[in-house]
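Modelling step: build the complete structure from the supplied sequences, incorporating the hints.
Quick mapping for you: the protein sequence lines, in order, are chains A and B. Counting along the first sequence from 1, when you hit position 157 you're at 157 in the UniProt record's numbering, and nothing is skipped either side. Counting along the second sequence from 1, when you hit position 63 you're at 63 in the UniProt record's numbering, and nothing is skipped either side.
Calculated directly from the structure, the hints in this document are not laboratory data. What you are looking at is a predicted structure, and each value in this text was computed from that prediction instead of being measured. Glycine residues also receive a C-beta, built at the ideal position from the N, C-alpha and C atoms. Be careful, since some hints might not be right.
FRET-style restraints, in silico, Cβ to Cβ [stated by the list, open to error]:
#	chain 1	residue 1	chain 2	residue 2	range
1	A	L108	B	P270	47 to 53 Å
2	B	G209	A	L108	38 to 44 Å
3	B	G36	A	L122	53 to 59 Å
4	A	L366	B	I17	25 to 31 Å
5	B	V301	A	L335	49 to 55 Å
6	B	H306	A	L366	30 to 36 Å
7	A	A172	B	Y207	24 to 30 Å
8	A	V331	B	Y207	22 to 28 Å
9	A	F352	B	D73	31 to 37 Å
10	A	L341	B	L266	18 to 24 Å
11	B	H306	A	D344	40 to 46 Å
Just a sample of chain A residues kept apart from chain B, beta carbon distances all over 12 Å, derived [to be verified]:
#	residue
12	M63
13	E151
14	P268
15	P338
16	I339
17	L340
These are the residues of each chain, in order.
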Amino acid sequence: MDYFEAASKTKEIQDQLCCCQYIGSDRKPYHILGCCCNCQDFDLVCTRLVTCQKIERKNLNGMLIAFQDRLRLPWVGGAKRISPAALAPGLMIPLMMGLAALNGKTALILMLTVMGFTVWGLQLAERTATRTNFFLSWIVFSVFYMILVFECEVPLLELLPEENYALIILSAAAIYCLYRTKKLSALNLVTAQYGTTPKDELPGIAEASSGEEQAEAQTTLQMESLLNDVDEDDDDNVVVMDLDGPPERSGLLHGQPNICEICRKVTPRRAYHCPICGSCVKRRSHHSFWLNCCIGERNYRWYIWGLLFSELALLLGSNLTLTSICHPFLVFRMLGVPILLPDDCSEVFEDFELGISFVVAAYAMLISCYVAFLLFRQIYVTWLGSTLHEYKRAPPTSRNRIWSNWRAIISK
Amino acid sequence: MVQQCHRVLILASVGTIIIYLALPFRFASHYPYINGDRIEDSLIAQVTANVSLQQSFDCIYKDIIENNRFVYDNPLYHEGILRGEEIRPGGEYQPEQCRAKYSTAIIVPYRQREKQLHAFLTYMHNYLRQQLIHYRIFLVEQSDQKPFNRATLFNIGAKIAAEYGFPCLVLHDVDLFPLNSGQMYACLEKPRHMCSALDHWRFNLPYRGLFGGVVAINTFQFQLINGMSNLYHGWGGEDDDLYERLRAMGISICRLAPEYSEYTMLKHKPEHPNENRRALLRAATLRQQTDGLNSLVYKEVERRMHSLFTHIMVET
Numbered sequence: 001m002d003y004f005e006a007a008s009k010t011k012e013i014q015d016q017l018c019c020c021q022y023i024g025s026d027r028k029p030y031h032i033l034g035c036c037c038n039c040q041d042f043d044l045v046c047t048r049l050v051t052c053q054k055i056e057r058k059n060l061n062g063m064l065i066a067f068q069d070r071l072r073l074p075w076v077g078g079a080k081r082i083s084p085a086a087l088a089p090g091l092m093i094p095l096m097m098g099l100a101a102l103n104g105k106t107a108l109i110l111m112l113t114v115m116g117f118t119v120w121g122l123q124l125a126e127r128t129a130t131r132t133n134f135f136l137s138w139i140v141f142s143v144f145y146m147i148l149v150f151e152c153e154v155p156l157l158e159l160l161p162e163e164n165y166a167l168i169i170l171s172a173a174a175i176y177c178l179y180r181t182k183k184l185s186a187l188n189l190v191t192a193q194y195g196t197t198p199k200d201e202l203p204g205i206a207e208a209s210s211g212e213e214q215a216e217a218q219t220t221l222q223m224e225s226l227l228n229d230v231d232e233d234d235d236d237n238v239v240v241m242d243l244d245g246p247p248e249r250s251g252l253l254h255g256q257p258n259i260c261e262i263c264r265k266v267t268p269r270r271a272y273h274c275p276i277c278g279s280c281v282k283r284r285s286h287h288s289f290w291l292n293c294c295i296g297e298r299n300y301r302w303y304i305w306g307l308l309f310s311e312l313a314l315l316l317g318s319n320l321t322l323t324s325i326c327h328p329f330l331v332f333r334m335l336g337v338p339i340l341l342p343d344d345c346s347e348v349f350e351d352f353e354l355g356i357s358f359v360v361a362a363y364a365m366l367i368s369c370y371v372a373f374l375l376f377r378q379i380y381v382t383w384l385g386s387t388l389h390e391y392k393r394a395p396p397t398s399r400n401r402i403w404s405n406w407r408a409i410i411s412k
Numbered sequence: 001m002v003q004q005c006h007r008v009l010i011l012a013s014v015g016t017i018i019i020y021l022a023l024p025f026r027f028a029s030h031y032p033y034i035n036g037d038r039i040e041d042s043l044i045a046q047v048t049a050n051v052s053l054q055q056s057f058d059c060i061y062k063d064i065i066e067n068n069r070f071v072y073d074n075p076l077y078h079e080g081i082l083r084g085e086e087i088r089p090g091g092e093y094q095p096e097q098c099r100a101k102y103s104t105a106i107i108v109p110y111r112q113r114e115k116q117l118h119a120f121l122t123y124m125h126n127y128l129r130q131q132l133i134h135y136r137i138f139l140v141e142q143s144d145q146k147p148f149n150r151a152t153l154f155n156i157g158a159k160i161a162a163e164y165g166f167p168c169l170v171l172h173d174v175d176l177f178p179l180n181s182g183q184m185y186a187c188l189e190k191p192r193h194m195c196s197a198l199d200h201w202r203f204n205l206p207y208r209g210l211f212g213g214v215v216a217i218n219t220f221q222f223q224l225i226n227g228m229s230n231l232y233h234g235w236g237g238e239d240d241d242l243y244e245r246l247r248a249m250g251i252s253i254c255r256l257a258p259e260y261s262e263y264t265m266l267k268h269k270p271e272h273p274n275e276n277r278r279a280l281l282r283a284a285t286l287r288q289q290t291d292g293l294n295s296l297v298y299k300e301v302e303r304r305m306h307s308l309f310t311h312i313m314v315e316t
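Next up, the structure:
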């Protein structure tokens, strides 16, 4: 009941805010235009700087926190905070694309640099269990710049309207599916309905607030979905709020109980703890750094469809771009639309416009290779009747058992 | 309430962007065309006076059109002239086994494109003879140092071809090659845009008013519209001017199906565009009666009968 009231209160507060107002770290409403006012730590740091005194680290941290808190974007229901990690790709991507478009060597060097940086970044994020918006922002800006270059630099008079419609439909479908994947990720989290230990025994404030925040968001989203009847297709999967009754009874009703030692909760079967989300996730597949959310029971299908549509859109976009700026040859005709492949791209770097188009098309093909890898991995794991999380945690003997099963079938 | 307004605004913005991205005029055009089964009926059977009447029967073109196939990748068409003895001096050919029904003058404007010319003559002679038509290749070379005037060279070639009695003119660039065997080099009732599926434009037509590259037009129609404008020095505009002239005289153009109209373009350096071409194009119909065949001023330096083409060197 506390969650219900807290969610209602949060919603009421959000409704009262206009798009330029926000709630600061001290729980008071502020306006964007007042972002330069009333910053005590900043004043103190400047004063000490001018008077040549030692600057306290506490004041410096306070100043930086205030800066980050006040860098905001007008949004529905209150201004949203912009983190530097979310802004960095907006500058890095056009810089790299522009450099790569100069000639073939810089293009190759920068493509390899992007791949190396991405691999390193993903490994670093996974090792330190960091929840960051950097990769999601990278995707958003990549899509934006790809669309921009396609609409401004590629000679569109050489494309048929049907090809353009197909590209728009595939791109819109991909964006919508990935958006739904991220939206529904909150419904994957295991909440208090399965029982929890008393709050005073939780290990840390940060972890507790993270868990409570997740539960609050999930409760809000559940109420919205129930009220708006958005998930008509998932009626069988709608989780009924069962706040009454003892915890043991709820756990037994939902299946074999498990206990997560980190969350100190009773969790349903095939639910696993995600160290990045800080919570247990039902039927967890993996944490997608690119979408900054976990892939689990409620958003797995949207994720797969998102990958599929992304793959098709990227391949179609790069094919249209390359056959426009390079010399194409005709593979066959289908319903009056020529199906082409590029066969001579030796002159694309003689003109910067052609060069930037070529680089963006190559970048799209690079992304499509990665998306194809993700897609095939998911399909393979699903075909095994497992999830990626379970597959990775399976002992080597279990994998050998699969092979021995196949060998037994073949021998018989 | 405020939230709903924001949502409506966002949806309206996204919808506007998507509608703009989908507007069809920003993309290539579909165009009406003549299908393969109607091509032979559309061709006009007309020959020059000197076509021999010794053959006992007319040539059959139905099979040539129906068996349309990709021939550009055939190395025999590119390596050398096959059976060169069949070609008369001046680049003229007439089939011996049957009587040709179509006579065509192929007019090629030319200056300093030796490599393209060599490839063009080799391929086109091998290509055109399998169509069993009577043709002659006129190469009009501009031998002065002024900016290249493609339209004037066409006018000169058309005038000379008319003197030879050719009823059909094909205005042909030296760097364009037909890919499929069924593209008949003959004239129809209307002027025909032959290279409507060019590989340089992904085998699509950028806009319906495009009328350049390779054009087949009756000599009578060409004279009716007073030829092409002589004022387009440098690259660009004279093709659109020709299209405007035809429209002003109420003559519409036609195209064959894409599988017949596929052409490839050899690589070359881009020419310098003519800065005046837009201004000239705006006044195209106003100048039609005074600028063209009737105002053609040139000096014919030399006319030579090469083994593969009739070479006409002029100073404009």
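Exercise. Taking 53 to 59 Å as the hint, is the beta-carbon distance of B/G36 and A/L122 inside that range?
Worked result: Once the Cβ atoms are compared, 55 Å apart, the range 53 to 59 Å for A/L122 and B/G36 holds.
Problem set entry | 40 to 46 Å as the expected CB spacing between A/D344 and B/H306, which holds or is violated | 32 Å Cβ-Cβ, so the 40 to 46 Å window is violated.
Exercise. Taking the beta carbons of B/V301 and A/L335, is their distance inside 49 to 55 Å?
Worked result: holds, 52 Å
Exercise. Since A/I339 was said not to touch the interface, does its Cβ keep a gap of more than 12 Å from each Cβ of chain B?
Worked result: violated, 10 Å
For this session: Please settle this one: A/M63 was flagged as non-interface, so is its CB more than 12 Å from every CB on chain B?
Result: holds, 32 Å
Problem set entry | Range hint 25 to 31 Å (beta carbons of A/L366 and B/I17) holds or violated | holds, 26 Å
Problem set entry | Supplied distance hint 22 to 28 Å, evaluated on CB atoms of A/V331 and B/Y207 | holds, 25 Å
For this session: Go ahead and decide if the range 38 to 44 Å is satisfied by the Cβ distance of B/G209 to A/L108.
Result: Cβ of B/G209 to Cβ of A/L108: about 41 Å, so the range 38 to 44 Å holds.
Problem set entry | Assessment of proposed distance window 18 to 24 Å (beta carbons of A/L341, B/L266) | The hint (18 to 24 Å, Cβ to Cβ) holds, given that A/L341 and B/L266 are roughly 20 Å apart.
Exercise. Does 24 to 30 Å hold as the CB distance between A/A172 and B/Y207, or does it fail?
Worked result: Given range 24 to 30 Å: holds, Cβ gap about 27 Å.
Problem set entry | CB-CB spacing for A/L366 and B/H306 relative to the 30 to 36 Å hint | violated, 53 Å
Exercise. For the pair A/L108 and B/P270, does the Cβ-Cβ distance stay inside 47 to 53 Å?
Worked result: 27 Å Cβ-Cβ, so the 47 to 53 Å window is violated.
Going down the numbered hints, you'll see the structure goes against 1, 6, 11, 13, 15, 16 and 17, while the others check out.
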